[in-house]
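Peer 1: Using the sequences and the accompanying hints, generate a full structural model.
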Amino acid sequence: MATKPSLAVFKFASCDGCQLSLLDAEDELLAVAGAVDIAYFLEARTQQVGGPYDIGLVEGSITTPHDAERIQEIRKQCRFLVSIGACATAGGIQSLKNWADVNDFIHRVYAHPEYIKTLSTSTPIADHVKVDIELRGCPINKYQLVELITALVHGRKPRFPSYAVCVECKRRQVVCVAVAQGIACLGPVTQAGCGVICPAFNRDCYGCFGPKENSNPNSLVQHDAANGIPRDHLVRLLRNFNAGASEFRLASDHMERSVSQS
Amino acid sequence: MPGVPAHIGAFHTIGVDQLQLLLNALQSRGYRTIAPRIMDGAIVYSEIAKIEQLPVGVIDRQDGGTYRLEKVPTSGYFDYVVGPQSLKGYLFPPRETLLKSVRKNGDWQFTVPPVEAPPLAVLGVRSCDLHALAIQDKVFLGGPYVDPGYQARRQNLFLVAVNCRRAAATCFCHSMNTGPAARQGFDLALTELSPDFLIEVGSPSGGELVAELQLAPATPRQVEEGRVISDLLVAELQGRAAKASNEVSAPAESPGASGTTPPIRERFLDTTNIHGLLLGNLEHPRWQETAERCLACSNCTMVCPTCFCAAVEDVSDLSGDNVRRERAWDSCFTAEHSTMNTGTVRKTTASRYRQWLTHKLATWHEQFGTSGCVGCGRCITWCPVGIDLTEEVVAIRDHDGAKARNEV
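In the order they appear, the protein sequences are chains A and B.
Heads up, the first sequence is in our numbering, so the first residue is 1 and it goes up one at a time.
Heads up, the second sequence is in our numbering, so the first residue is 1001 and it goes up one at a time.
Careful, some of the hints might be misleading.
[What the hints assert, rightly or not] Simulated crosslink set (DSSO-like; lysine-lysine; CA at most 27 Å straight-line):
id : chain 1 : residue 1 : chain 2 : residue 2
1  : A       : 157       : B       : 1071
2  : A       : 97        : A       : 130
3  : A       : 157       : A       : 142
4  : A       : 142       : A       : 11
5  : A       : 117       : A       : 76
6  : A       : 142       : B       : 1100
7  : A       : 97        : A       : 4
8  : A       : 157       : B       : 1104
9  : A       : 117       : A       : 11
10 : A       : 4         : A       : 117
11 : B       : 1050      : B       : 1071
12 : A       : 157       : B       : 1347
13 : A       : 117       : A       : 97
14 : A       : 130       : B       : 1403
15 : A       : 4         : A       : 130
16 : B       : 1104      : A       : 4
17 : A       : 4         : A       : 157
18 : A       : 76        : A       : 157
Since the hints were derived computationally from the structure, they do not count as laboratory data.
Peer 2: This is how it looks when you write it as structure tokens:
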């Protein structure tokens, strides 16, 4: 991109945490603002500039018929469409509704359920439109966000690992919580990029970056179950921010069937 | 004043209190001293100032995918074996900047960062890891392309080995001819007698330290006592194969039937014709079976003291004017490792596991004239699902397709 590329930030069903990661990139924020023209960002600007845009960052999942239409228009307006965060890349924690009866929820929560127009599922952006790049995490990692913008500004591919969290743990010489303490940890099946925040603080990875390339959660949780970790705990571990990611979903369904059979 | 340096191969004795003097002497010579310490439930290498910081009366229980420390009512200083770390990270750092480039007025300026290699003394190195170091030396120092960082750090390394008195269930150094007794590659080697240690001189600088500390020569009886400790362990390790075959022939005591937990498999590896065995069975169904368990998470390669693969990446800042060329530990279990302009070569976990095992145990011989495995057992222990390379070799040997083809 020869001229300063324009950047737009869009929100769907989400908590805003990922788009705020851009404002949290304190040390890099001025450089980012200098490298791109932030044209549309409701959290950061009072005036919004209309499309088209060079880079569109999309946060959140698709949960309403209106949003399912809105994302189509956003796709047309953006040259590079990037889904950011677990909601946008996997459906988020709200994808737990994919396992439940959404009408039952609506009738329990709202005094006037007839005003609510929602889909029965929470789905990632890529289920609706072509996504050029995914930025994983709940929330996303600010270094990955800056790397993404750097790569797009310079016209190269961003350096995002597709390997396991374990690679970063071992590079940092963090002692494995799974092997040394018997804690069920999703690190071996989860994509790196978070900076191993959880294992470095002596707790399990709960998979907020979603499945790694060639992820094999089924083998991991079967091994954990054989070592005495309760199966319902393992189902809940997989049904977290990336519950809707297919590898985690299939492994959790498989484990759930074995709970009901046992 | 220090006397005449003790000669290589000489045995002396050193008391626990004198171990502190050894640490002091190393530090006064400018060495940073590291030794086994307990951190987050495991034995790791860490800075040591006082000998009391060594874990006393602690052993490790290791098996596939599990590692636990246990207090025992003995006063042994080194009765645990190897933890997740080896010497690898000290010589071949997990991350290292190889080159820096800065663009000024359209011109690129390149600088190679100075090598950081402060003198380092490591206390408590086991024989398997000394052999791993010798293999790493071939990788980084052999051939026409010498790694300058590794070379500088290697030259400034002082090694105090410890001869193992016990083995974990995951240890199989005896199968790989890499232990349990340390024979070479150390400056000093300790054998824990009670209450003192036998100390063997392995290098001129080790001999100088022994003389400086005025350590008493060991008596023939003490030398014999040290030898017996290693011999007993060798006998125990060598007995594992026979013990395992007895267990197979006595199925009445099989664990599943009695409802008790299965006995821990005590590892050994039959290396007979292992090169031909593995390369003759590249289409063995076992690779796919193992891939169904394997997480391709790279832990085995990260903890392996000889695995040396690295990824080199150029990392730029937002302006594009400052670029660092970084090298970081990589693994043949990642997709990135075999990705080229045409895509990823080894797409499946089966192909990656096969690449790792055949390289480690077979084709390493062509490349470096040695096996890539030293029998430390780390890849077994730190595999989150406990995949055991010694079992994999047994499974392939039990249904040897190459042999079957030859017999037809």
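Peer 1: Does each hint fit the structure? Answer for all of them.
Peer 2: Hints versus structure:
{"no.": "1", "hint": "157/A / 1071/B", "verdict": "violated (51 Å)"}
{"no.": "2", "hint": "97/A / 130/A", "verdict": "holds (24 Å)"}
{"no.": "3", "hint": "157/A / 142/A", "verdict": "holds (17 Å)"}
{"no.": "4", "hint": "142/A / 11/A", "verdict": "holds (18 Å)"}
{"no.": "5", "hint": "117/A / 76/A", "verdict": "holds (25 Å)"}
{"no.": "6", "hint": "142/A / 1100/B", "verdict": "holds (23 Å)"}
{"no.": "7", "hint": "97/A / 4/A", "verdict": "violated (41 Å)"}
{"no.": "8", "hint": "157/A / 1104/B", "verdict": "holds (24 Å)"}
{"no.": "9", "hint": "117/A / 11/A", "verdict": "holds (18 Å)"}
{"no.": "10", "hint": "4/A / 117/A", "verdict": "violated (40 Å)"}
{"no.": "11", "hint": "1050/B / 1071/B", "verdict": "holds (21 Å)"}
{"no.": "12", "hint": "157/A / 1347/B", "verdict": "holds (20 Å)"}
{"no.": "13", "hint": "117/A / 97/A", "verdict": "holds (15 Å)"}
{"no.": "14", "hint": "130/A / 1403/B", "verdict": "violated (51 Å)"}
{"no.": "15", "hint": "4/A / 130/A", "verdict": "holds (24 Å)"}
{"no.": "16", "hint": "1104/B / 4/A", "verdict": "holds (21 Å)"}
{"no.": "17", "hint": "4/A / 157/A", "verdict": "holds (18 Å)"}
{"no.": "18", "hint": "76/A / 157/A", "verdict": "holds (22 Å)"}
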